[in-house]
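Below are the chains, spelled out letter by letter.
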Amino acid sequence: MANDTFEPKIVGFLCNWCSYRAADLAGTARIKYSPNVRIIRVMCSGRVDPTFVLKALALGADGVMIAGCHPGECHYIEQNYKAMRRYYMLKHMLRALGLEEDRIRLVWASAAEGQQLAEHIDKFVEDVRKLGPLNWPANWQENGERLHAVEAIAKEHEESLEVLP
Amino acid sequence: MAERVGVYVCHCGSNIAGMVDVEEVARWAGANLKDVVVARDYKFMCSSLGQAMIEEDIKKEGLTRVVVAACSPHLHEKTFRRACENAGLNPYLCQMTNIREHVSWVSKDRAKATEKARALVAAAVERVKHQAPLEPFFVKVNPATLVIGGGIAGLQATLELADAGYPVYLVERTPSIGGHMAQFDKTFPTLDCSACILTPKMSEAGQHPNVTLFTYAEVEEVSGSVGHFRVKIRKKARYVEEDKCTGCGICVEKCPRKVVDHDFEAGLGYRKAIYTPFPQAVPRIPVIDVESCIWFERQKCRACEKLCPTGAINFDQKDEEITLDVGNIIVATGWKMFDCKKIPQYGYGRLANVFTALEFERMCNAAGPTGGKIVLRDGKTEPQSVAIIHCVGSRDSNHNEYCSGICCMAALKFGHLVLEKTKAEVYSFYIDMRTNQKGYEEFYHRLLEEGMHFVRGKVAEVTDAARRPEEAGKLIIQVEDTLMGKQRRIPVDMVILMGALEPQADAKELGLKLGISCSMAGWYTERHPKLDPVATMTDGIFVAGVCQGPKDIPASVAQGAAAAARVMAMITKGDVMIEPVVASIIEEKCSGCRICNNLCPYNAIEYDAEKQVSRVITAMCKGCGTCVAACPAGAITGAHFSNEQVFAEIEGILWDAVHGNGGAGVKEGQPVSA
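Same order as they appear, the protein sequences are chains S and Y.
Heads up: the first sequence begins at 587 in my numbering, then just goes up one per residue.
Heads up: the second sequence begins at 6 in my numbering, then just goes up one per residue.
You may find that some hints are simply not true.
[To be verified] Output of the computed footprint for chain S on chain Y, the stretches with three or more beta carbons under 8 Å from beta carbons of chain S:
hint : region
1    : 77-85
2    : 518-532
3    : 640-651
Since the hints were derived computationally from the structure, they do not count as laboratory data.
Don't be surprised by glycine CBs; every beta carbon is placed ideally from N, CA and C.
Please construct the entire structure, taking both the sequences and the accompanying hints into account.
Below, the structure is given as structure tokens:
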């Protein structure tokens, strides 16, 4: 259902130390790239909870990008490796949910790599554009019952974690 | 009670306003985003008038949250936090969103840029409502400092701190301080004698009342954080008792075992099994090399023990573990030379008269194995012609891409020394001549005048296979002279390889112990490549000298002094502010699974066996948030980056997707945040 007017909405989670600074550098150097990626700053790519990614997709994002420091250059020593593990787990999960796993992407960009980050973003936007809109929220609304069932499970899970005073 | 949010959109002159319709963004935020009570745009938000506007609104309109849409938070977050604080609002209730670097400067389409800016403002508004007031905390700074590495950079840092009256522990891996500089003969471009300018500093460090030296020692473990590090060092057994040894040297003289010295003499000379690396070593206490000592090999000899006048030799000595408490750490671990055998076509290790730069340094040194005479490997023949090959293992995509920085000047220095000491012709084979410091270009011109030959081209091969009669018995340099545009074969007697400076083999390992990172090449990463070159991303840990990247002696000295100045500032201030962006564990929710314990790179999470819960040691937490994302029970919260805050930010950033076309009617309808 991809068409010419489709503009993918993409959420980018960028780590504070390398990739967010790379995005800053791309700006300072006036490197032009696609405006479709909207950036959320986290302290480390290791902070990206898989639920952040699912939440973004569920709310209407067509893709999610996670960017961190290069392996071995993590500000927090090695937490980008944890992000990488979760990324593969998430890809697996998306497949299981019947979604295209290429809607998420993990990239490395050091604080000096504004140009590379911009290229990654442009490439990802084009790749998601080819996949077409995800329309997850609309699908949910169509399947209202399923949504209620999911919510009920979530609530149950939450209650089981509640500790009585 | 609903929050009262103020939104401030900056024009940044035309930097933002040129691409983003800032008035529209502000109007839209005021009209459409829930809880926004004030939305303004202004020419320069960071100006004192812009700040005053925010402060006044906080007081008059009773704002409880502030959003500033302007440049990167890395530039002006502190400015706006301070403005909020001035008006009585907790600084952590202010959120910046970046519509300059991330929007106006990278966009080509005004409508799309404005749409993106709107989404970012919506994200910040949703997020800021969930932000909580935070209080930074303060820790006392221990005035003692640990310096790792006793080369010129570490020495400089040590002396600066010690002279300022603060205690310094200097840990050096080899038996003596001095580093690579102690191996050199002359220093470029002034041709100062290296030892003459270094040894006074060495002895000053050795005798300084504020300096405690630990030579032949290594850092084993680092814990704690800025202000109060605890460092375990392992002092290797010297088999010589330091308090008894007078440094008379009889043991060295009488030791019957002689071995090739691959460390200080770079394999060009010999040392005894008990040795001090060089005559001016500090401390002048010898070390027994277990690998070569006859006693350790076959339980015989002990000549040194019998002849020592003070009974200082002790074959039963054990490694000693010492714990130091320090407030700051300066890392000055230096470099090692590229292994020239990795480029077999240059023949090092195969062709006798191919030398490394370090071997040649020792050869030139009057205190070195040849007494300063420049001779071939046979130890007596003076070369008639010498080739110096630049960029061996550097500026080479097969090995190291970086420029090693110092080799051009060192090659010029070698050229000068050969011309001064011999009658040889000297050829330099360079890719580019890089002489860009004070007095360096002048030195290059001096060498041009002195008659050193310069051939621009990367050497293809060094070979002993002669094709012409005049090549017989020589080493032939096969090179494309890129200025003449033709292949040349130049026969020489001696070849010097300017090996690249490389990070120490265990630089990464030490980096992990300290919690500092390395670049892809292996050099320690500074906090900012231009504006913060000696600090690291870990507070209280500084870098100086070549371990941060190739550099010459003046730059290493400058960095050593700079690192010391940074440490002094910390000590003088007395305490250090810690950003309250840390994790905390809700004990009631924690199941004690301990998943987070192993995830934390700083060991900041400890397990309370009695209560069977984990607990964050706040002073050690750096706030990366990995544990927050990993906790299966959701028991860990990350201050300033909580799940609620990020979820709200995601909802805001997808504002148009959540609420359809432009989000009309949202103010009355469903709230944006969950």
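Q.
Flag every earlier hint the structure violates by its number, smallest first.
A. As far as the earlier hints go, not one is violated by this structure.
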